[in-house]
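> Chain by chain, the residues run as shown.
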Amino acid sequence: DDIRNYAREVVLKEIEKHAADGLGMVDYALVSGGARVVKHSEPYGGKAGGSASWLLQRSRVSAEAERMIKPSFGEPGQCFALKGGSGFVEIRLRTAIIPEAVTLEHVAKNVAYDRSSAPKHCRVSGWLQTDPEIVTEKMFLLTEFTYDLQKSNAQTYKVDSSASNLVDTIRLDFTSNHGSASHTCIYRLRVHGREPSPVPALETQS
Amino acid sequence: DDIRNYAREVVLKEIEKHAADGLGMVDYALVSGGARVVKHSEPYGGKAGGSASWLLQRSRVSAEAERMIKPSFGEPGQCFALKGGSGFVEIRLRTAIIPEAVTLEHVAKNVAYDRSSAPKHCRVSGWLQTDPEIVTEKMFLLTEFTYDLQKSNAQTYKVDSSASNLVDTIRLDFTSNHGSASHTCIYRLRVHGREPSPVPALETQS
Amino acid sequence: DDIRNYAREVVLKEIEKHAADGLGMVDYALVSGGARVVKHSEPYGGKAGGSASWLLQRSRVSAEAERMIKPSFGEPGQCFALKGGSGFVEIRLRTAIIPEAVTLEHVAKNVAYDRSSAPKHCRVSGWLQTDPEIVTEKMFLLTEFTYDLQKSNAQTYKVDSSASNLVDTIRLDFTSNHGSASHTCIYRLRVHGREPSPVPALETQS
Ligand SMILES: [K+]
Ligand SMILES: [K+]
Ligand SMILES: [K+]
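Chains A, B and C supply the protein sequences, listed in that same order.
So for the first sequence, our numbering puts the first residue at 24; every next one is plus one.
So for the second sequence, our numbering puts the first residue at 24; every next one is plus one.
So for the third sequence, our numbering puts the first residue at 24; every next one is plus one.
Check the hints yourself; a few may be wrong.
Which copy? The list can't say, so a pair holds if one copy fits it or any two copies do.
List time: in silico DSSO-like cross-link candidates among lysine-lysine, alpha-carbon distance up to 27 Å [to be verified]:
{"no.": "1", "residue 1": "LYS132", "residue 2": "LYS143"}
{"no.": "2", "residue 1": "LYS161", "residue 2": "LYS181"}
{"no.": "3", "residue 1": "LYS143", "residue 2": "LYS106"}
{"no.": "4", "residue 1": "LYS174", "residue 2": "LYS161"}
Derived by calculation from the structure, the hints in this document are not laboratory data.
Remember, it's a predicted structure, so these values are computed and weren't measured experimentally.
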């Protein structure tokens, strides 16, 4: 009976975590939470044509960019595809946080058509850019990592704890992928952390 | 081996329930089943502007109202936000039923940015309004409850069994929330029950 | 302790499979993977009206057809409804494969309003139609089966192993359903198999 209760308890706890966005961790880079992609390298394919049309576009954010800041629910193809084996994406977070970890997710092995488009060597940086008028950008390196195809498809990397700076924008640079010559797919990037304790908003009194 | 089989059995049963809309209970207030929001108090925020534009709107149903009658899949933000700490929503069900329970769901604790916008004291009523031309409305109190932030995020409340009236429309009134001064978010309201046994449709013979 | 570890292991493995599209099998008939519905019998209901408008439509593919090649996530109503108790659907796969199995899924019993619209006797055929200009169609029978309402809602049927032909298009014919006189709902059809080993593309050199 103890065993039965234990089995049941483990199951319910794991399903609760699964139901809570898979990891049960708050994600400040989620589109339904107010985050958005603000900049990225050249996207791959798409109906609008090739490089020339991309260079001429006024709004430099692809409609498909949003896919990388929302859940994929196990579906292959629910990703943002960028041209080539290296590139970048910048995301404005929901609010300014002290970042503690980032999670990079690719499609699960057992439903994927091909995983050569997964990012490999990655670097995530962050900075505070609340007011775009004022050039106060000071970029911090948050973490560098290698996405491993042998591990779980959602991989969480801690931010160096010595850095506890407030950031509201982050940038993912990938410098290689797992073999595709044509493109790299980003299924989802999450940013975890804590909001600073509220302080009197002095600036609004000036 | 018995233990192994038992563990496996528990797991599969719980995952089946999870996969079946989380609770494995039929929901007559689901948009994909034909239900719809027909009336509500003033919504919060939104692109269309503030109170004035709301008062001038001809169709008094917000495009975001539908969010509260479909699944949230663990995503914060997938809710219908109403202005202030009290308000109401009326839902036309898929079909007339004898209601047996209602479920109120908020976002899970471990992925939420802030849960002060969760409804607290609630009352659900129901009535039959199949033909909007005929004023046959007689409202029944189905249940009163307090949504508890310490419990599971989807909380089911039984309908008083002495009341077994047929209803096709229900109304949720919330009179307080968990602390937010500005708004209250409803992630999902489900209505469970049974359809009456089919009877000859006499009215069509007249 | 061994037992605890075992219980945990079973749970995590089953949740991983659940998170991987429920079955953990690659699906070549998935819309997000590039598949599409190319032809079908008369759809049921819909805003555009009845049979006459259907016969006059130029593009003979309903906007709702896509629902049967994407996940339903446990929601009743997320299906493609066809008129009557028999009919068919043709799907162009993501790419040419050697088919090994097909999965037919209906809504789960414990959240369904009514399951009389589930398909019953079914036949799946396949052929290669890469170039629509060249009439090279040679249809192969892949499998015949009866969808069973008493079993799991996603039922997988093996393709006869003697047939290992390459196909890029499949056709589902249903000749009966579970009782509905008016319509048959297809929640999802998946096609599993393997891609042929890459060979030099000789045809492009001609
Ligand atoms: K995604
Ligand atoms: K929702
Ligand atoms: K579906």
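> Hint by hint, say whether it matches the structure.
Status of the hints after comparison with the structure:
{"no.": "1", "hint": "LYS132 <-> LYS143", "verdict": "within (15 Å within a copy, 32 Å between copies)"}
{"no.": "2", "hint": "LYS161 <-> LYS181", "verdict": "within (20 Å within a copy, 55 Å between copies)"}
{"no.": "3", "hint": "LYS143 <-> LYS106", "verdict": "within (15 Å within a copy, 46 Å between copies)"}
{"no.": "4", "hint": "LYS174 <-> LYS161", "verdict": "neither (33 Å within a copy, 42 Å between copies)"}
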